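Novice: Sequence:
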Amino acid sequence: MGRPSIVGVVLINIRLIYNNVFIATLTSMLGRDFMLSVCLLVTSRQR
Numbered sequence: 050m051g052r053p054s055i056v057g058v059v060l061i062n063i064r065l066i067y068n069n070v071f072i073a074t075l076t077s078m079l080g081r082d083f084m085l086s087v088c089l090l091v092t093s094r095q096r
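Per the numbering used here, the very first residue in the sequence shown carries number 50; after that it's consecutive.
Hints were generated in silico from the structure; no laboratory data involved. Note that the coordinates shown come from a computational prediction; the quantities given were computed from them, not determined experimentally. Glycine included, C-beta positions come from ideal geometry on N, C-alpha and C. Treat the hints with caution; some may be incorrect.
[Claimed, not checked] Here are the simulated distance ranges between beta carbons:
id	residue 1	residue 2	range
1	Asp82	Arg52	44 to 50 Å
2	Ile55	Ser93	35 to 41 Å
3	Thr92	Ile61	20 to 26 Å
4	Val91	Ile55	28 to 34 Å
Given only the sequences and the hints, what does the whole structure look like? Please build it.
Specialist: Here it is, written out as structure tokens:
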């Protein structure tokens, strides 16, 4: 029972790291203004 949870945590950590790297590359390529507008759109959609 313990192994699947450990694998799940590792996969979640890898996914989070990948997302952070992807966001970092996007911000460096497109700039902060674009990312701020995207964040505003995402937050407005969630509401």
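Novice: Do the Cβ positions of Val91 and Ile55 conform to the proposed distance bound of 28 to 34 Å?
Specialist: Holds, since Val91 and Ile55 (Cβ atoms, about 31 Å apart) stay within the stated range.
Novice: Taking 20 to 26 Å as the stated bounds, is the beta-carbon spacing between Thr92 and Ile61 within them?
Specialist: With Cβ atoms ~23 Å apart, the hint holds.
Novice: Tell me if the beta carbons of Ile55 and Ser93 are separated by a distance inside 35 to 41 Å.
Specialist: 37 Å, holds
Novice: Starting from the range 44 to 50 Å, see whether the pair Asp82 and Arg52 falls in it by beta-carbon distance.
Specialist: 45 Å Cβ-Cβ, so the 44 to 50 Å window holds.
In terms of the numbered hints stated before, the structure departs from none.
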